[in-house]
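Taken in sequence, the protein lines are chains L and V. Last residue of the first sequence: 360 (my numbering), numbering continuous. Last residue of the second sequence: 597 (my numbering), numbering continuous.
Treat the hints with caution; some may be incorrect.
With the C-beta cut set under 8 Å, the calculated list includes, among others, these residues of chain L facing chain V [unchecked claim]:
1. L72
2. D74
3. T139
4. Q140
5. D256
6. H259
7. S262
8. P283
9. R338
10. H342
With a straight-line Cα cutoff of 30 Å, these simulated DSSO-like cross-link-like pairs (lysine-lysine) come out [stated by the list, open to error]:
11. V/K514 to L/K350
12. V/K471 to V/K529
13. V/K398 to L/K350
14. V/K17 to L/K230
15. L/K291 to V/K437
16. V/K437 to V/K449
17. V/K398 to V/K449
18. V/K437 to V/K404
19. V/K529 to L/K350
20. V/K437 to L/K350
21. L/K350 to V/K404
22. L/K291 to V/K483
23. V/K529 to L/K291
24. V/K524 to V/K514
25. L/K350 to V/K449
26. V/K437 to V/K398
27. V/K449 to V/K524
Cβ-Cβ distance ranges computed for the label pairs, FRET-style [said to hold, decoys possible]:
28. V/P258 to L/R347: 13 to 21 Å
29. L/M98 to V/P369: 32 to 40 Å
30. V/L362 to L/P119: 24 to 32 Å
31. L/R347 to V/M114: 53 to 61 Å
Derived from the structure by calculation, the hints contain no laboratory data. Glycine included, each C-beta is placed from N, C-alpha and C at the ideal position.
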Amino acid sequence: MSLMHQSQVSRQPAETGRVMGWLLLATLPGIAALSWHFGLGVLSNVLLAAGLGVGLEALVLRLRRRSLRPVLADNSALVTGVLLGASLPPGTSLWLIMVGMVAAIVVAKQLYGGLGQNPFNPAMVGYALLLISFPAAMTQWSAPHGLLGPEGLSPGDLLTRVIGIDTGLDGSLTPDAWSGATPLDAFKHKPEALLASEFWATTPLPEGTQAAWRDVALAWLAGGALLLYKRLIGWQIPLSMLAAMGALATLLYAVDPSHHGSPAFHWLSGAAVFGAFFIATDPVSAATSRKGKLYYGAGIGMLVMVIREAGAYPDAVAFAVLLMNFAVPFIDYYTQPRTQGHARPNRGIKVVRLDDEEAP
Amino acid sequence: MTKAFDFPGGIHPPARKAAATRAPITPAALPRRVVLPLGQHRGQPAEPCVAVGERVATGTVVARAQGLISADVHASITGEVIAIETHPVAHPGGLEETCIVIEGNGIEDDWAWMPPLDWRTSDAATLKARLAASGVVGLGGAGFPTQVKARVRERHAIDTLIINAAECEPYISADDMTLREHAAEVLEGARLMAHLSGAGRIVIGIEDDKPEAATALNTAIAAAGAESLEITLKRFPARYPSGGEKQLIKRLLDREVPSRGLPADVGVLCHNPGTLRAALQAVRDGRPLISRIVTLTGEALARPGNVEARLGTPMGELLAAAGLDERRLARLVMGGPMMGMELARLDLPLVKSSNCLIAATLEELPPPPAEQPCIRCGACEEACPAGLLPQQLYWFAKSREHDKAELFNLFDCIECGACSFVCPSHIPLVDYYRAAKGEIRARAFEAHKAEHARHRFEFRQARLEREAAEKEARRQARAQANKRPRPAAAAPTRRQEQPVSSQASPATPDADLKSLRIAQAAAKAAVRKAEKVLARVSQAGGGQGQGNGQSDGELADLEVQLATARENLAAVEARLAAARGAAHEAPSPDTDQERSS
Chain L
1 MSLMHQSQVS
11 RQPAETGRVM
21 GWLLLATLPG
31 IAALSWHFGL
41 GVLSNVLLAA
51 GLGVGLEALV
61 LRLRRRSLRP
71 VLADNSALVT
81 GVLLGASLPP
91 GTSLWLIMVG
101 MVAAIVVAKQ
111 LYGGLGQNPF
121 NPAMVGYALL
131 LISFPAAMTQ
141 WSAPHGLLGP
151 EGLSPGDLLT
161 RVIGIDTGLD
171 GSLTPDAWSG
181 ATPLDAFKHK
191 PEALLASEFW
201 ATTPLPEGTQ
211 AAWRDVALAW
221 LAGGALLLYK
231 RLIGWQIPLS
241 MLAAMGALAT
251 LLYAVDPSHH
261 GSPAFHWLSG
271 AAVFGAFFIA
281 TDPVSAATSR
291 KGKLYYGAGI
301 GMLVMVIREA
311 GAYPDAVAFA
321 VLLMNFAVPF
331 IDYYTQPRTQ
341 GHARPNRGIK
351 VVRLDDEEAP
Chain V
1 MTKAFDFPGG
11 IHPPARKAAA
21 TRAPITPAAL
31 PRRVVLPLGQ
41 HRGQPAEPCV
51 AVGERVATGT
61 VVARAQGLIS
71 ADVHASITGE
81 VIAIETHPVA
91 HPGGLEETCI
101 VIEGNGIEDD
111 WAWMPPLDWR
121 TSDAATLKAR
131 LAASGVVGLG
141 GAGFPTQVKA
151 RVRERHAIDT
161 LIINAAECEP
171 YISADDMTLR
181 EHAAEVLEGA
191 RLMAHLSGAG
201 RIVIGIEDDK
211 PEAATALNTA
221 IAAAGAESLE
231 ITLKRFPARY
241 PSGGEKQLIK
251 RLLDREVPSR
261 GLPADVGVLC
271 HNPGTLRAAL
281 QAVRDGRPLI
291 SRIVTLTGEA
301 LARPGNVEAR
311 LGTPMGELLA
321 AAGLDERRLA
331 RLVMGGPMMG
341 MELARLDLPL
351 VKSSNCLIAA
361 TLEELPPPPA
371 EQPCIRCGAC
381 EEACPAGLLP
391 QQLYWFAKSR
401 EHDKAELFNL
411 FDCIECGACS
421 FVCPSHIPLV
431 DYYRAAKGEI
441 RARAFEAHKA
451 EHARHRFEFR
461 QARLEREAAE
471 KEARRQARAQ
481 ANKRPRPAAA
491 APTRRQEQPV
501 SSQASPATPD
511 ADLKSLRIAQ
521 AAAKAAVRKA
531 EKVLARVSQA
541 GGGQGQGNGQ
551 SDGELADLEV
561 QLATARENLA
571 AVEARLAAAR
581 GAAHEAPSPD
591 TDQERSS
């Protein structure tokens, strides 16, 4: 017992560690679908990143002279690792993952004070750093060869890839048959003169790529549904993010369908669904009030569309999430709910005047 | 069953009322010795009015109410006052309080009741005086003096009296059992209080987990037959904290009590069933509040149930009679597990607000797990019945950003504990809020003290000034009488010698008069403002509930402020009179006009 009067006697058995456990469980369909289509490289990513996450967290906790057990038991480093691992191109080199996880766990999380204190989503900080620093390695996705398909990566190949023997310093040296663009990437860089229908008729991507991405998106959706069902996330962020994306995509598609993807294309290729349910909903770095979450999600959705359509990067979830993380305190101050007994909600942070005599 | 409205948030803690509701209410054994704390109610502690060694009968007043919000304390057994001393009481901080200790022989029980009254024929003043003399306070846990609530009509129009039978805390069943067995008395008490407060209807709010009580109430309503008062019973699904006053009013009437306001502000009075019965007994039978129904429960008890126990009985005795196994007792809680307080010892006396004692085993109410970092999951926001952002309040409280916490309506928190209950990180959120509230109050108190000192200083200055001015006026009057023909141009210059000449400009009598008149108007305005503030605070102060000691300090300070303003006015008027006297000697075109104004 603390000296402070402990008034709460009765409690509900929900714990942060268990919340994170369910979250891990919910990532399984997405990871399974990714592995099914893109091979063992996905699993190596996830396992290495998760292991590094826990290891780095333990290391920093030692350096900070904190006890390891309660912190590691909350599973949050594991979650960060799994999420970053699932975002990386299959079979990413160990050292790349290492760089990403150091950025995520050490810089973005522990340097800010650990779980609950980080203003930015750790996994996305790691991902964004890698994407900016090693764009070639980060945008070269393999074609969907299946889990152990004949053209896929053999365990031996994977090992050499992961330990970085066959990659140059920029991590880009990969066999041609191996590297490929994502549908978003391919469509973005299609020639201006080509209409969308002509472009897809040329089969710009290895066979089954679009279907694979769609399956993966649907698998993430299934995991997201589990999170919603277990009430581990609210519906506000995923819904408003996907709705904002859909609205903007519909608008652009209606104006010029030959140069802009359809809403379904934007939802089902790239990281839209994954980001909506697993990244944007990170409670620590997201907006807090229910209304704020709607604005936050919509902001991410809009930024994703703006960057995809007008920016240099094919996918934009990481940047959109990080940019909206910046806006969270602002959103929080302006989206307080109306407290019972008040005529209207408070807005913003007002300066308290010390000489205000009439204040009751 | 009528439609109920909704309030946001709320939780469903596991119900644990069954154990104590199996058997009917039984009278507890007469204690040999009772310890009666003087502060069993909100407001100032009562003042003892008996001496050590005096013999008292059951029902004798042993301490009288002090101040605006207070209640009498009565002897709960027959015997001898053996001590008036500090004794540990049920207090979250484990503090001691002055108590009157009465020792009897455990058999003798002489009752000194007041004469019975018929509330339908007695006038309101008599009834209110009777309630005041009976020491009835809210028995739901808050302990607000009932006679003060009955007087609310003087300031607010009340249209509805609510019987708060929701009793949403797990474990507690005192109201449930009271209604099952004494529904008619509770209703009659409600009619009495409605009569006193001018309410035209009675609405009973009850959760649907108390079907027996609801049936008993329906029977009692039907038995009463046709009457002028509209009585409605509303049942709604159990959800904590629907028994919270503000939540219940929202739920039953869809009215929101304004922030820092009272139910009376929306025309409502809430009463707990036990209180209504006690009020009726006080009036009808002349029986002061000397006992109450208390739920004794928890897995460390062999025979949980509800007993009617004399106030001041040591809790340990009650629990022992209910078959307490001390080896299994891990935590003793007074009140409910959500909002109640944990007690450190068994010998504390039962008080008017003790509605439940939980003798819990370790498995039943395990100690809270270690606090983990907040991950801002938002579960607390979903649960908050007041529409607050608990996690933001937590960050502000933790980083001592008190102005931000206040801006996020910290003081609208009703401390129901729903947020702490759902927190996956086991953060005792309410404790943080209480600490923050305490710090804010302490800071405001310090500021008040400084302000108070300033006002006292100003008061003294104003008094000196008034005395000097009065002296001056007298002197001038004398001078006028003695040396009428002499020109009095020197008068204004003399005034310069006054200790504080504030706005009085000595240049010309004219300008002097003008500025004095302005000062007089300002002083009058200050007096009016001070009177208004004082009236408002003394009205509102009653119902605020929390921090009464402080609101008393505030009142004292406002009184000084008012006195200062009055002194200032008197001083200015005296000076004005003196100046007029002077001006009269040296007539100016302004003088007549001045007179008439």
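Each hint, compared with the structure:
| no. | hint | in the structure |
| --- | --- | --- |
| 1 | L72 | 12 Å, violated |
| 2 | D74 | 6 Å, holds |
| 3 | T139 | 32 Å, violated |
| 4 | Q140 | 34 Å, violated |
| 5 | D256 | 40 Å, violated |
| 6 | H259 | 40 Å, violated |
| 7 | S262 | 33 Å, violated |
| 8 | P283 | 4 Å, holds |
| 9 | R338 | 6 Å, holds |
| 10 | H342 | 5 Å, holds |
| 11 | V/K514 to L/K350 | 41 Å, violated |
| 12 | V/K471 to V/K529 | 29 Å, holds |
| 13 | V/K398 to L/K350 | 20 Å, holds |
| 14 | V/K17 to L/K230 | 28 Å, holds |
| 15 | L/K291 to V/K437 | 27 Å, holds |
| 16 | V/K437 to V/K449 | 18 Å, holds |
| 17 | V/K398 to V/K449 | 26 Å, holds |
| 18 | V/K437 to V/K404 | 12 Å, holds |
| 19 | V/K529 to L/K350 | 27 Å, holds |
| 20 | V/K437 to L/K350 | 19 Å, holds |
| 21 | L/K350 to V/K404 | 8 Å, holds |
| 22 | L/K291 to V/K483 | 82 Å, violated |
| 23 | V/K529 to L/K291 | 41 Å, violated |
| 24 | V/K524 to V/K514 | 15 Å, holds |
| 25 | L/K350 to V/K449 | 26 Å, holds |
| 26 | V/K437 to V/K398 | 12 Å, holds |
| 27 | V/K449 to V/K524 | 25 Å, holds |
| 28 | V/P258 to L/R347: 13 to 21 Å | 19 Å, holds |
| 29 | L/M98 to V/P369: 32 to 40 Å | 34 Å, holds |
| 30 | V/L362 to L/P119: 24 to 32 Å | 40 Å, violated |
| 31 | L/R347 to V/M114: 53 to 61 Å | 56 Å, holds |
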